Amino acid sequence: MSKSNIDIRGWGAVTTLGWSAKESANNLISGNVRPADFCKSSHLTNRELKAFEVSYAGNPLDKSRAMLDSALTEAFSRAGLTASEIAESCLLVGTTGGLFIRNEYEFTEIVRQNPGKESPPIACRNRGPGEVADTIATKYGINGMIMTFSMACVSSSHALVVAAQLLEQKKIRRAIVVGFDPLLNLTLQGFASLLLYDDEKCRPFCNTRSGMQIGEAAAAVILERNDSDNKRRGAYRFEGGYLFNDNKNLTSAGVDGELAGNVIGQTLTRAGVAPRDVVAIKAHGTGTRDNDLSEGRGLTKVFGDNLPPVISLKGAIGHALGAAGAVETALWLSCLEEGMLPKSFGFTQIDPELGFAPSEINIPAPDGAYLFTFFGFGGTCTSYLIIKE
Amino acid sequence: MINRIMTNKIIQSSMPVVAASYLGPALAPNQDATWDEAQLPLNPDEMVLKIMGQPLRRAGRFIKLVCCGALTCLKSVPPEELKDKKIGIFLATGLGNVDEILPFITQVFKHEGGFPSPNQFANSVSNAAAFFLAKVSDVKGVVLTVSQEELSFESALWLAQSYLESGEIDLALVGGCDVFTPTVTDYRDRMDLRPDNHRSMPMGEGSSWLLLGNTNGKKIGNVLSVELDYNAKTQHQLSAKVNILSECEKTADNLKWRHDQQKILLPGFRLTDIDQSFFEESGWMVEDYLPHCGIHPTASAYGLARAFLCCPSAFLLHCNYHAAGRRALVAATTI
Chain A
1 MSKSNIDIRG
11 WGAVTTLGWS
21 AKESANNLIS
31 GNVRPADFCK
41 SSHLTNRELK
51 AFEVSYAGNP
61 LDKSRAMLDS
71 ALTEAFSRAG
81 LTASEIAESC
91 LLVGTTGGLF
101 IRNEYEFTEI
111 VRQNPGKESP
121 PIACRNRGPG
131 EVADTIATKY
141 GINGMIMTFS
151 MACVSSSHAL
161 VVAAQLLEQK
171 KIRRAIVVGF
181 DPLLNLTLQG
191 FASLLLYDDE
201 KCRPFCNTRS
211 GMQIGEAAAA
221 VILERNDSDN
231 KRRGAYRFEG
241 GYLFNDNKNL
251 TSAGVDGELA
261 GNVIGQTLTR
271 AGVAPRDVVA
281 IKAHGTGTRD
291 NDLSEGRGLT
301 KVFGDNLPPV
311 ISLKGAIGHA
321 LGAAGAVETA
331 LWLSCLEEGM
341 LPKSFGFTQI
351 DPELGFAPSE
361 INIPAPDGAY
371 LFTFFGFGGT
381 CTSYLIIKE
Chain B
1 MINRIMTNKI
11 IQSSMPVVAA
21 SYLGPALAPN
31 QDATWDEAQL
41 PLNPDEMVLK
51 IMGQPLRRAG
61 RFIKLVCCGA
71 LTCLKSVPPE
81 ELKDKKIGIF
91 LATGLGNVDE
101 ILPFITQVFK
111 HEGGFPSPNQ
121 FANSVSNAAA
131 FFLAKVSDVK
141 GVVLTVSQEE
151 LSFESALWLA
161 QSYLESGEID
171 LALVGGCDVF
181 TPTVTDYRDR
191 MDLRPDNHRS
201 MPMGEGSSWL
211 LLGNTNGKKI
221 GNVLSVELDY
231 NAKTQHQLSA
241 KVNILSECEK
251 TADNLKWRHD
261 QQKILLPGFR
271 LTDIDQSFFE
281 ESGWMVEDYL
291 PHCGIHPTAS
301 AYGLARAFLC
311 CPSAFLLHCN
321 YHAAGRRALV
331 AATTI
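Protein sequence lines correspond, in order, to chains A and B. Just so you know, we're using my numbering here: the first sequence kicks off at 1 and counts up by one. Just so you know, we're using my numbering here: the second sequence kicks off at 1 and counts up by one.
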């Protein structure tokens, strides 16, 4: 196994399971998981779509900011970053909706405050996906390079891989990688219009699966180049990052599993890790027919009969879209800290086209290589390993 | 002095520029053309037919402009020079496909949770344009959509250089695209333009591209350095930075320009405090390209691509300021 010099120095997350990665992991491991439900937030117009909604007493715009603050504060605290270290860091953000929530919130407020009047046209005052990074950098005094990736469901997983590459190349010293996506009418109704939404339940890799469910979340993962031969910061290394864009299909990674298998194979090759050395897989596992077929078949092409435990987190927290990479990484790391891998929620029945069941019980988390996979709209694929030492 | 600027903030080796293209609101590739802000947006379908040879029926304006701009750039290179090359796409955009998002979200609110068009939603997803471009140019592998408001293009350029240096790709197709969406007032608000800051300048749109890397063919210039987070907040500090670059002329091969080259300052956004006479007295020509393309977040792509095509034998220095005070600096030479 080759050794990268990229340490994971800290992380934090807000999910529907808690306002920290630690709280979220504890709830996940203890099975304290609420299913997706009809949403309560004032800006959401369709009350018939279930989603994983973070509880908050205030308005959705304030909630978004609070989620970002909470995730970053937890990550900075866990990493023990000083103010000057934060200032010199680079910031890479992955998001799809960004702060578009401001438009939705303000519009619904105007309508609510003017009952009986004709609705005005919705304005679009946000300044694009880059506004999230700009807001964070301004608030925390981050002076290093800032950059935003807006690439649908692989936005923040791509950001992690790009950050790792820049660290390996010594272009940057430290990267704060943020994933953020709040619940939006835009995405909720968009995926519903594509008939990719499961009204009942998110069931990754299950034969009864019929679609995804969205969950809002925010997370931060701090990667740092370690130039010391023997002094590592923390117990986790980032390895084998690989991103790939296919151009065959806008909405599918190809159900034959070839593309997914190739991407995973590239990751293992780059990291010098044999399939037998992977101790568990954090799968993308959206619960849609096509994604789980693509991914599941890709996994069996690489691992054959020796498939390690496969776990999708989306049955428990939903699909955080562009935030999924950072969120699922942070949540997984906190599970590793607790010494347990959670079961894969939402599964009941093996899909004969896949021929395997994801992990149905919590299992101890040993040291070793953990594989992460993400697949997204536009033929995008990300894969990487986290090594627990 | 060299060590001071050879930090991780800037690229460390020059990037050959193989080709460039620029497309502004008049929708005439590689031509300066006048346009009337009140007439925006012009219909791009004729241009799509001309450049792509077929209509892009289901695609929105952003996707059309991305593909037309990038293909204009790619098609200016003999195909044999691109054969067997691993090309990476780096699409920069400040506002993205807001032209698709707005009608979709309008439908959502109009019908209060109705059933909006799935095709419109698919096209509104942030990386749909990069996918379409990858498909029409048959590129697989590294395809990234980068956004950082007014510094989106410089960010993509910096990232492209990192990928070229890493050997992951042979060539980088780097472009910036933003599209106009009515109304003018809304667009100005989105760009955070205040009365003292280009508020009165015409709004625009564009899709402008550079092809970077090594081929066996001729090149049109070099990008020498890209600095994303330099801290020059005043005229004095910017002048000092220019002096540092001048010092590099004497000592660093990769930041060299010849004395017979014209020195051209390309001011991007928010350089109202620039003392033009200072640069002119120091031998610089100041070329404000914004009147040619109108205000849009990735106008810097237009300014640089246009300079690569229209300003031979020049040393280019592009300065751009972001609303929150961040700066980007690009140094380049043309042949």
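If you are wondering where the hints come from, they were derived from the structure by calculation, not from laboratory data. Since the structure is predicted, the reported quantities are computational estimates derived from the model, not experimental observations. Where hints are given, some of them may not hold.
Think about it this way: if two alpha-carbon atoms lie no more than 35 Å apart in a straight line, the pair counts; the simulated DSBU-like pairs of lysine-lysine are [as the list claims (entries may be wrong)]: (1) Lys170(A) - Lys219(B); (2) Lys301(A) - Lys140(B); (3) Lys301(A) - Lys219(B); (4) Lys248(A) - Lys140(B); (5) Lys110(B) - Lys40(A); (6) Lys86(B) - Lys3(A); (7) Lys75(B) - Lys248(A); (8) Lys218(B) - Lys248(A); (9) Lys85(B) - Lys218(B); (10) Lys75(B) - Lys3(A); (11) Lys3(A) - Lys85(B); (12) Lys248(A) - Lys86(B); (13) Lys301(A) - Lys110(B); (14) Lys50(B) - Lys248(A).
Right, here's what the structure says about each hint:
For the given pair, Lys170(A) sits about 28 Å from Lys219(B) by alpha-carbon distance, which is consistent with the 35 Å threshold. Restraint check: the Cα-Cα separation between Lys301(A) and Lys140(B) comes to about 21 Å, which is no more than 35 Å; the hinted pair holds. For a cut-off of 35 Å, the pair hint linking Lys301(A) to Lys219(B) is broken: about 44 Å separates their Cα positions. For a cut-off of 35 Å, the pair hint linking Lys248(A) to Lys140(B) stands: about 9 Å separates their Cα positions.
Using a Cα cut-off of 35 Å, the hinted pair Lys110(B) and Lys40(A) holds, with the two alpha carbons roughly 20 Å apart. The straight-line distance between the Cα atoms of Lys86(B) and Lys3(A) is roughly 27 Å, inside the 35 Å bound, and the hint therefore holds. Proposed proximity of Lys75(B) and Lys248(A) is supported: the alpha carbons are some 22 Å apart, at most 35 Å. This hinted pair checks out: Lys218(B) and Lys248(A) have alpha carbons roughly 32 Å apart, not beyond 35 Å.
As the CA atoms of Lys85(B) and Lys218(B) are separated by approximately 16 Å, the hinted pair is consistent with the 35 Å bound. A threshold of 35 Å between alpha carbons decides the hint, and for Lys75(B) with Lys3(A) the separation of about 42 Å lies outside it, so the pair is violated. With a C-alpha separation of about 30 Å, the suggested pair Lys3(A) and Lys85(B) falls inside the 35 Å cut-off, and the hint holds. Restraint check: the Cα-Cα separation between Lys248(A) and Lys86(B) comes to about 17 Å, which is no more than 35 Å; the hinted pair holds.
Taken as a hint, the Lys301(A) and Lys110(B) pair is broken in the structure, with Cα atoms around 47 Å apart against an allowance of 35 Å. Straight-line distance between C-alpha atoms of Lys50(B) and Lys248(A) comes to about 24 Å, which keeps the hinted pair within the 35 Å bound.
Taken one by one, the earlier hints fail for this structure at numbers 3, 10 and 13, listed in ascending order.
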